[in-house]
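A.B. asks: Chains as they are written, first to last, in this note's numbering: chain A, 1 to 125; chain B, 126 to 204; chain C, 205 to 439.
If you are wondering where the hints come from, they were derived from the structure by calculation, not from laboratory data. Worth double-checking, as some hints may not be accurate.
[As the list claims (entries may be wrong)] With a Cα cut of at most 20 Å, we get these calculated EDC-like pairs of lysine to aspartate or glutamate:
{"hint": "1", "chain 1": "C", "residue 1": "K434", "chain 2": "C", "residue 2": "E302"}
{"hint": "2", "chain 1": "A", "residue 1": "K61", "chain 2": "C", "residue 2": "E235"}
{"hint": "3", "chain 1": "A", "residue 1": "K61", "chain 2": "A", "residue 2": "E116"}
{"hint": "4", "chain 1": "A", "residue 1": "K61", "chain 2": "A", "residue 2": "E47"}
{"hint": "5", "chain 1": "A", "residue 1": "K12", "chain 2": "C", "residue 2": "E235"}
{"hint": "6", "chain 1": "B", "residue 1": "K150", "chain 2": "C", "residue 2": "E235"}
{"hint": "7", "chain 1": "A", "residue 1": "K110", "chain 2": "B", "residue 2": "D153"}
{"hint": "8", "chain 1": "B", "residue 1": "K201", "chain 2": "A", "residue 2": "E9"}
{"hint": "9", "chain 1": "C", "residue 1": "K434", "chain 2": "A", "residue 2": "E107"}
{"hint": "10", "chain 1": "A", "residue 1": "K61", "chain 2": "A", "residue 2": "E9"}
{"hint": "11", "chain 1": "A", "residue 1": "K119", "chain 2": "B", "residue 2": "E151"}
{"hint": "12", "chain 1": "C", "residue 1": "K434", "chain 2": "C", "residue 2": "E235"}
{"hint": "13", "chain 1": "A", "residue 1": "K61", "chain 2": "B", "residue 2": "D153"}
{"hint": "14", "chain 1": "A", "residue 1": "K34", "chain 2": "B", "residue 2": "D153"}
{"hint": "15", "chain 1": "B", "residue 1": "K198", "chain 2": "C", "residue 2": "E235"}
{"hint": "16", "chain 1": "B", "residue 1": "K198", "chain 2": "B", "residue 2": "D153"}
{"hint": "17", "chain 1": "B", "residue 1": "K201", "chain 2": "C", "residue 2": "E235"}
{"hint": "18", "chain 1": "A", "residue 1": "K119", "chain 2": "A", "residue 2": "E107"}
{"hint": "19", "chain 1": "C", "residue 1": "K355", "chain 2": "C", "residue 2": "E293"}
{"hint": "20", "chain 1": "A", "residue 1": "K110", "chain 2": "C", "residue 2": "E358"}
{"hint": "21", "chain 1": "C", "residue 1": "K355", "chain 2": "C", "residue 2": "E302"}
{"hint": "22", "chain 1": "B", "residue 1": "K150", "chain 2": "A", "residue 2": "E122"}
{"hint": "23", "chain 1": "C", "residue 1": "K231", "chain 2": "A", "residue 2": "E9"}
{"hint": "24", "chain 1": "B", "residue 1": "K201", "chain 2": "B", "residue 2": "E151"}
{"hint": "25", "chain 1": "B", "residue 1": "K201", "chain 2": "B", "residue 2": "D153"}
{"hint": "26", "chain 1": "C", "residue 1": "K434", "chain 2": "C", "residue 2": "D387"}
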Amino acid sequence: MFEYLNQAESIKNIVTIGSMVLLFIGLFGLLTQKHFIKIFISIAIMETAIFLFFIGNIFNKNFTAPIINDGFKNVAIMNDPIPHAMILTAIVIGMAVLALGVSFAIEYYKLTGNTEIDKMNEMRH
Amino acid sequence: MIGFIILFTFISIITVAFFSIIQKKEADSIILFMGVGLGSVILFFVFSAPDVALTEAVIGAGISSLIFLMALKHLKATA
Amino acid sequence: MSIKRTLPTSTISGFTLSAVLILTFLKILLENLPSSIHRAGDELLKLNTQEGVANAVTTVVVYFRGFDTLGEIAVLFIASLGIGLMLSENSQCEIKAESNFMLKTASTLLFPIITLYGVYVMIYGHLSPGGGFQGGVIIASAVLLLLISHKDFEVPHSVIVLLETLAGVSYVLIGLIGLFTLDIFLGNFLPHDVAQMGMLVSGGIIPIIYIIVGVKVGSEMSMIVQNLIKRGENV
Chain A
1 MFEYLNQAES
11 IKNIVTIGSM
21 VLLFIGLFGL
31 LTQKHFIKIF
41 ISIAIMETAI
51 FLFFIGNIFN
61 KNFTAPIIND
71 GFKNVAIMND
81 PIPHAMILTA
91 IVIGMAVLAL
101 GVSFAIEYYK
111 LTGNTEIDKM
121 NEMRH
Chain B
126 MIGFIILFTF
136 ISIITVAFFS
146 IIQKKEADSI
156 ILFMGVGLGS
166 VILFFVFSAP
176 DVALTEAVIG
186 AGISSLIFLM
196 ALKHLKATA
Chain C
205 MSIKRTLPTS
215 TISGFTLSAV
225 LILTFLKILL
235 ENLPSSIHRA
245 GDELLKLNTQ
255 EGVANAVTTV
265 VVYFRGFDTL
275 GEIAVLFIAS
285 LGIGLMLSEN
295 SQCEIKAESN
305 FMLKTASTLL
315 FPIITLYGVY
325 VMIYGHLSPG
335 GGFQGGVIIA
345 SAVLLLLISH
355 KDFEVPHSVI
365 VLLETLAGVS
375 YVLIGLIGLF
385 TLDIFLGNFL
395 PHDVAQMGML
405 VSGGIIPIIY
415 IIVGVKVGSE
425 MSMIVQNLIK
435 RGENV
């Protein structure tokens, strides 16, 4: 079983299916939960799923990390550094946006006092 | 061996994420989200991406979860 | 549990149908990729050895895609500005209990060690995994440790403003110097020998820019964390 799981195609299948299941768990939490913090956590879980999908699908077992150490190695056997740089930017920006959203939730709680989205009906009357 | 590690870690991440959303108290939900961050750090390390693993460990399982905890303290103030 | 009472069957069926459709679409897409993809990273890895920097991801973030990093710093600045504006200054957060003696001593002893580790990760960003973003957030977490264990600790506002302004302005100034000397915005105008790869002083302006980014990110995250702790309660 270990030899079957070590092939490149089965690793791609595992990564695709696993990260898509994680994305749908996050979507399920976004649709059904009512507290503010749980909605933000669902959004963060969806972002983590997308990062795993990205990095997992360019993974090649025979290549190493894109860092040169102790002299020149043959650069053709290293991983691709461009997706790593993009995901680095995406992680930082995701954290910044969630921090801003959390401050909105705190200010709304100070004004009206409710923390659930079911009771946000000030515009209804 | 790598395929088995990836499969096992994915199954644990999915379980911990599902339990993180189901919880009734919000503090437990944030702590279980840190577990999702830890699992993804392990996966990034197995995928030969050390920069991304370090960034996710510091930001995802560090500052981001702590910002949620600080906001939870303010959201529960009753006085 | 209350989940079964709140979900109608149409939601669950729509959920599973969309999941199945998206998964089959992804499978068809991933199976029909050509076997020999010419990666764009191959060209960049060859160009990277000309810059004399050991960490290829650092070169991509700072030099080849340096304009995107400038935009990312702008996004972080806008987020920090928004948090500072939203949380009003009139709220006073009183921590009512004095901390334990052990907690105060341990956090005072740990703070310089964590800061030193953050500065190490920031400076050695072009030789090993790390860089400005990681080191800056490590320094901000050290400040967070001191903020929650001592009642009256506060980072002075003027120090953070000064650090952030200087770092942001010098990033753009270095880019403009590159524009005037080499006709490339954010070009590498300092000497970068290939023989120096692996040394601390190598790679031209790349470690300098990453240190500037680290200072800016660290001060911004400290400001965000301090605003979230000190300015949250009701008046």
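A.B. asks: Checked against the structure, which of the hints given earlier come out wrong?
C.D. replies: Result: hints 3, 4, 6, 7, 8, 12, 13, 15, 17, 20, 22, 26 break, sorted rising.
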